[in-house]
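2 protein chains.
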Amino acid sequence: MGSESNSDGTVGKALDVLDMVALAGRPVRFGELLAHSAYPKATLYRFLQTLTSQGMLQMDADRGTYTLGVRLVRLAHVAWAQSSLAPLARPYLDELAQETGQTIHLAQMDQGQVLYVDKRNAARPVDMFSSAGKVGPAYCTGVGKAMLAYVSDARLAAALDRQSFHRFTVNTLDTPAKLRAELRLIRERGHAFDREEHEPGIICVAVPIVSRAGRVLGAVSVTSTTALTTLDALEAQAGRVKDTAARIAVEAESWRFPEQD
Amino acid sequence: MGSESNSDGTVGKALDVLDMVALAGRPVRFGELLAHSAYPKATLYRFLQTLTSQGMLQMDADRGTYTLGVRLVRLAHVAWAQSSLAPLARPYLDELAQETGQTIHLAQMDQGQVLYVDKRNAARPVDMFSSAGKVGPAYCTGVGKAMLAYVSDARLAAALDRQSFHRFTVNTLDTPAKLRAELRLIRERGHAFDREEHEPGIICVAVPIVSRAGRVLGAVSVTSTTALTTLDALEAQAGRVKDTAARIAVEAESWRFPEQD
DNA sequence: CCTTTTGGTTCCATTATGTGAAACTTAGTC
DNA sequence: GACTAAGTTTCACATAATGGAACCAAAAGG
Chain A
1 MGSESNSDGT VGKALDVLDM VALAGRPVRF GELLAHSAYP KATLYRFLQT
51 LTSQGMLQMD ADRGTYTLGV RLVRLAHVAW AQSSLAPLAR PYLDELAQET
101 GQTIHLAQMD QGQVLYVDKR NAARPVDMFS SAGKVGPAYC TGVGKAMLAY
151 VSDARLAAAL DRQSFHRFTV NTLDTPAKLR AELRLIRERG HAFDREEHEP
201 GIICVAVPIV SRAGRVLGAV SVTSTTALTT LDALEAQAGR VKDTAARIAV
251 EAESWRFPEQ D
Chain B
1 MGSESNSDGT VGKALDVLDM VALAGRPVRF GELLAHSAYP KATLYRFLQT
51 LTSQGMLQMD ADRGTYTLGV RLVRLAHVAW AQSSLAPLAR PYLDELAQET
101 GQTIHLAQMD QGQVLYVDKR NAARPVDMFS SAGKVGPAYC TGVGKAMLAY
151 VSDARLAAAL DRQSFHRFTV NTLDTPAKLR AELRLIRERG HAFDREEHEP
201 GIICVAVPIV SRAGRVLGAV SVTSTTALTT LDALEAQAGR VKDTAARIAV
251 EAESWRFPEQ D
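Line by line, the protein sequences are chains A and B. For the first sequence, position 173 matches number 173 in our numbering, and the numbering has no gaps at all. For the second sequence, position 23 matches number 23 in our numbering, and the numbering has no gaps at all.
What the hints contain is simulated information worked out from the structure, not anything from laboratory work. You may find that some hints are simply not true.
A pair counts as met if it fits within one copy or between any two copies, since identical chains are not told apart.
[Unchecked claim] Below are the DSS-like pairs computed for lysine-lysine, each with C-alpha atoms no more than 30 Å apart in a straight line:
1. 242 x 13
2. 242 x 178
3. 134 x 178
4. 242 x 134
5. 41 x 178
6. 13 x 178
7. 41 x 242
8. 41 x 13
9. 13 x 134
Remember, predicted model here, so these are calculated numbers, not experimental data.
Let the hints inform the model, and build the full structure from the sequences given.
Structural data, given as structure tokens:
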């Protein structure tokens with residue numbers, strides 16, 4: 001848990017602390033944080049004070065525990081609306097969900113990790129906030145690999161450094177070399193698979209969302225289970241997914257550059 | 001826009017900048033931010049650099065604009081799950097929505113403002129991230145007044161300082177004195193109304209969620225329009241709303257204090 | 001009831017870090 | 001090709017972060 005990218009100054013360190021609390025995922029005591037943190041008592045203490053007074057953390061005085069503050073929810077509302085693909089991708093995802101009847105994911109890259117920003121569930125109603133915001137590994141998910149296959153060399157290198165290459169299943173690509181080979185294949189065919197690499201029984205086809213300039217904006221995937229379908233059957237949907245991805249890319253482009261020069 | 005609570009050091013100032021970008025609600029240029037900010041060029045510039053490198057902001061290099069970063073979405077996911085009432089209130093809200101067939105809001109207090117953390121819409125499917133995270137004024141909404149009526153004097157004073165008392169409609173309580181009188185009435189009857197004080201035609205009954213120790217945790221409301229119903233008819237629901245609020249309070253209590261003493 | 005330990009908060013001399021005026025570098029105009 | 005506006009970098013200076021150590025409160029133990 002401990003060592004983070006405390007490269008940029010005081011602010012970076014404070015945000016590290018924020019991440020530490022987030023990582024715990026439950027109310028944490030000062031002591032627990034201290035044990036995991038690289039900072040000395042007084043320093044950590046001051047950070048917690050500042051963050052709490054700023055509403056980024058919340059402290060339960062009775063129990064002496066800290067949790068993330070509601071100010072984050074407010075900020076994220078704006079973040080989600082303004083710099084995630086979710087709002088503008090919505091109609092296209094709806095359509096894709098309708099057509100395929102499968103579970104759909106929309107993801108973006110966040111510091112080498114896959115961040116899910118929207119989802120359409122096959123059966124049950126969507127549970128938005130609790131699925132949007134979830135993170136997953138990049139090296140062993142369909143959306144992750146789809147994005148990695150198209151990012152710049154510099155970004156790829158940075159991202160690879162952040163992968164754990166933990167072997168979740170027998171199919172997990174557990175070395176950078178294996179992953180790089182896979183990425184080459186993905187570029188050739190234009191879509192990525194998840195062959196039960198993250199969770200047994202879960203398979204998917206994923207397509208990156210790439211801007212005209214070649215920047216990777218995100219990825220869309222159609223997910224299913226080996227119990228319900230086969231990879232080949234899923235691949236038959238690839239064209240449809242590509243179409244969706246392309247349309248989202250166009251939409252994003254015209255949103256981000258409203259007035260043409 | 002400009003002057004914020006830059007009380008606590010560098011971190012506070014950096015978060016101010018974050019808020020400035022959030023407040024704009026759209027991609028902003030460096031210059032725009034500079035114009036609104038209290039900080040000199042170089043200082044602001046460095047903050048933007050830091051926040052961007054931290055993933056709290058995102059910068060579109062081509063356009064030279066900044067937006068909130070996706071890291072916030074990740075953090076908010078945890079924040080929402082761990083320190084909002086939404087996850088544990090969910091079943092109760094569902095039930096209330098079912099019973100009343102009306103629009104339901106669940107809100108909490110964030111620095112003197114009302115923060116909506118969940119919602120059930122009468123007709124159309126819920127649009128979670130885009131409704132959760134929304135903020136509104138405390139002095140002229142049902143949930144806001146319900147919460148203010150039960151907070152400690154110190155918190156009330158702090159909150160009142162942060163109210164604009166803008167006169168949205170003819171019914172808006174536009175002075176602290178009027179509001180204080182209203183809060184007294186709310187305490188007497190145990191529930192608050194919104195008599196078209198924020199938006200014409202919109203009325204609601206709201207009930208605070210109060211812990212056994214007397215701490216205000218949030219508020220629930222049932223909303224409708226003057227076209228569809230009357231305040232009296234809505235008041236008939238008050239008992240039901242109180243019941244829901246009470247059950248959420250109990251649930252919250254057993255969540256936050258799992259082991260009884 | 002006094003002592004010790006644990007967990008949290010405050011102090012304060014040291015110095016690393018943030019600060020911001022000004023100089024500079026583009027990119028866009030006339 | 002000189003001029004202007006917008007963004008970026010520099011650097012001497014002072015503020016603000018740092019962290020060891022002292023302090024305090026409340027349990028735990030004798």
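Cross-check of the supplied hints:
{"no.": "1", "hint": "242 x 13", "in the structure": "neither (40 Å within a copy, 43 Å between copies)"}
{"no.": "2", "hint": "242 x 178", "in the structure": "within (25 Å within a copy, 59 Å between copies)"}
{"no.": "3", "hint": "134 x 178", "in the structure": "within (26 Å within a copy, 44 Å between copies)"}
{"no.": "4", "hint": "242 x 134", "in the structure": "within (23 Å within a copy, 33 Å between copies)"}
{"no.": "5", "hint": "41 x 178", "in the structure": "neither (43 Å within a copy, 47 Å between copies)"}
{"no.": "6", "hint": "13 x 178", "in the structure": "neither (34 Å within a copy, 45 Å between copies)"}
{"no.": "7", "hint": "41 x 242", "in the structure": "neither (52 Å within a copy, 44 Å between copies)"}
{"no.": "8", "hint": "41 x 13", "in the structure": "both (14 Å within a copy, 23 Å between copies)"}
{"no.": "9", "hint": "13 x 134", "in the structure": "both (23 Å within a copy, 28 Å between copies)"}
Hints 1, 5, 6, 7 from the earlier list are contradicted by this structure; the remaining hints agree with it.
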